[in-house]
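S.K.: Residues per chain, in single letters:
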Amino acid sequence: MEAGWWGVLIAVLGGAIRIGTPFLFVSLGECLTEKSGRINLGLEGTLVMGAMTGYAVSLHSGSPWLGVLCAGLAGMALGALHSWLCSFQRVNDIAVGIAMMLFGTGLAFFLGKPYIQPSAPRLPSIDLGAWSDVPQLKAALQINALFLIGIVVAIVLGWMLTNTAWGLKVRVAGESADAARALGLPVDRIRIMSTAQGGFLAGIGGSYLSLYYPFNWSEGLSSGQGLMAVALVIFARWQPMACLWVSLLWGGAAALGPSLQSVGITGGYYIFNAIPYIMTLAVMIITCSPRRTLVGAPHELTVTR
Amino acid sequence: MSESYKLTRRQVLKRSAAVGALGMLGSLDWVGQAWGASDKVKMGFIFVGPRDDYGYNQAHFEGKAAVTKLDWVKAFDEEKVPETIEIQKTMESMIKLDGAQVLFPTSFGYFDPHILKIAPHYPTIQFLHCGGLYQDGKHPKNVGSYFGYIDESQYISGIVAGGMSKSGKLGFVAAKPISQVLRNINNYTLGARSIKPNTTVHVIFTGDWSLPVREAEATNSLVDQGIDVVTCHVDSPKVVMTTCEKRDIYCTGYHCNQSKLAPKGYLTGAEWNWAKVYMDYAEMIRKGQQIPHLVRGGLKEGIVRVSDYNQVVTEAVRKQADAAKDKFMSGEMVVYKGPIKDNTGRVVIAAGKEHVQTDIWLESMDWLVEGVIGSTKS
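Line by line, the protein sequences are chains A and B.
Those letters in the first sequence? Residues 119 to 423, by my numbering.
Those letters in the second sequence? Residues 711 to 1088, by my numbering.
Looking at chain A on its own, in the form it has when it is part of the complex (with noise of 0.2 Å):
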């Protein structure tokens, strides 16, 4: 069956929840780590680091759930570490987060040699479009549980930050360290507790790539995402629920190039294929203004101060 143009649409909505996940929760983690007041980099690294654990504990157990929750906890070892680091006096955070970008991938590779050949069990889909009947529009609501979670883990955390004890510390902590301070609240290890969390679900976001979609583990699997994701949570102005959408447009931008292609619109797939590019420039333009620093960027980053 022939889907035409509605392929777009279908391909735009299914790619927004494939290509989209990985973006959520690698976003979603940076999100937390800013708000107690660090910048992560280093996440592509850890992303990289959970796609590989991920596949080769899918592959050993036998279980890509064991598998998922391994990734996530090589990528809290990952922030733990970046966060350990920097809470010595004098160290930067934007460097020891490039250090460990190329750390993580480093190690990554050369712990995943073995895993590039052999098979390893893919996590399962649920199929959300089992009421229709229009074959194409059933193979994009198929979904993977990580997903939902990922929309759960955002709403929760959303609503942690802004009405709980605990949200309140990692704000003043990412709002001023002074006022953390002179409130008696350990900065460093409310800043180490929130990269590490970060790091988890960058983890997570790491297996979904590897262990789901696009369901492998190559050197390559990586073009970015975890740096991307970065970007996306001052795109989205360090709140999860906004983390959310800003990752599905996203994906549904990313999915874009190809699908316009596969209906034969077949010139300028190079301006399709960096859409996603473009519209982050714009909005950044658009939302910018000189009169003030950005909206809710925690003032403790490096970046804003």
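I should point out that these hints are in silico values taken from the structure, not numbers from a laboratory.
Only a predicted model underlies this, so the values are computations on that prediction, with no experimental measurement involved.
No residue lacks a Cβ here, since even glycine has one placed at the ideal position from N, Cα and C.
Worth double-checking, as some hints may not be accurate.
[Claimed, not checked] Stretch-level coverage of chain B by chain A, calculated; a stretch enters the list once three of its residues show a Cβ under 8 Å from a Cβ in chain A:
#1 752-766
#2 909-919
#3 923-930
#4 941-949
#5 1071-1085
[Said to hold, decoys possible] With a straight-line Cα cutoff of 25 Å, these simulated PhoX-like cross-link-like pairs (lysine-lysine) come out:
#6 B:K970 - B:K986
#7 B:K806 - B:K790
#8 B:K1087 - B:K886
#9 B:K956 - B:K970
#10 A:K256 - B:K974
#11 B:K876 - B:K974
#12 B:K970 - A:K231
#13 A:K256 - B:K956
#14 A:K231 - B:K784
#15 B:K799 - B:K750
#16 B:K876 - A:K256
#17 B:K784 - B:K799
#18 B:K784 - B:K806
#19 B:K997 - B:K784
#20 B:K1063 - B:K1010
#21 B:K799 - A:K231
#22 B:K790 - A:K231
#23 B:K1047 - B:K1037
#24 B:K906 - B:K1035
#25 B:K1051 - B:K1087
#26 B:K974 - B:K1035
#27 B:K1010 - B:K1035
#28 B:K1035 - B:K970
#29 A:K231 - B:K779
Given chain A's structure and the hints, the job is docking chain B onto it.
M.R.: Chain B in isolation, oriented as in the chain A frame:
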């Protein structure tokens, strides 16, 4: 006064250091040649990507593995060497430290300027590049190229794909519109249309050689358009094959055999057989023969091959594919025989005219044949 004196001393130091380094270089050269003189044939292989990528690099690595089994050959390799100054360093270290007599830098971009720059410094070492870029008289004497006509295998895959397709619509996920890729697309299309003239081939260009997420997305979009057989020309076909299997459609492979990745849907595939090429070269070097500057060949010469057909491929389709294969093997097959139109309706090969496989004209292909839905314009 003292200023200028300091400066001169520095210059003297610099120069003496340079002379010393040159001397070292010279002596290392000598060591390298002395090692090369031992009785084993020493072959160095260099890959641009990981050697187990189910793709281009794995195909070459399988060739290397085959020569390694010969007890009179010592083969070594390095993977993931970028097409930058890195490749020059790798080549030099293989010559000086491992004593390589012959180097196989397998990636297209290694040739110009890297091989052309290093080769004149080592006239006794052979530099054999995969890609067919060597030109007589223009390039150093110790350089050569080899390449296979894998488009012949793609023609056979096209027949199988066209024969097994129910919708008459095939898909092709391609990296970039360069001539080798276009030739594969055109051969695939011509193969399919040789048995079912109404078949169309939808092409999606991803824009680069390795973009797993976009390749998966492209495959999904093709399936959504009712396409039921997909093939590809990207560095690693793994993602395309597994996505086809998940969407429950057929696929045909590229570079090497991917039937393990899609046991239900992998119909057949176009594979390299570099083992044959590398064994021949090793033999020539052992016997001290003159190495030809250009080695090319297709199915007939055994440089490319076709994966075994999947059991779902029907008897009738097998017969049609085998008939074409026999014609390639006997050398009478001419794929580009006029009249052939491109997909904008322009006649590119007039009736009665034909371009045989070795025709250099085919290597500058920049058009897509009638029946392809896609454009070479970026």
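S.K.: Of the numbered hints stated earlier in the document, which are not met by this structure?
M.R.: none
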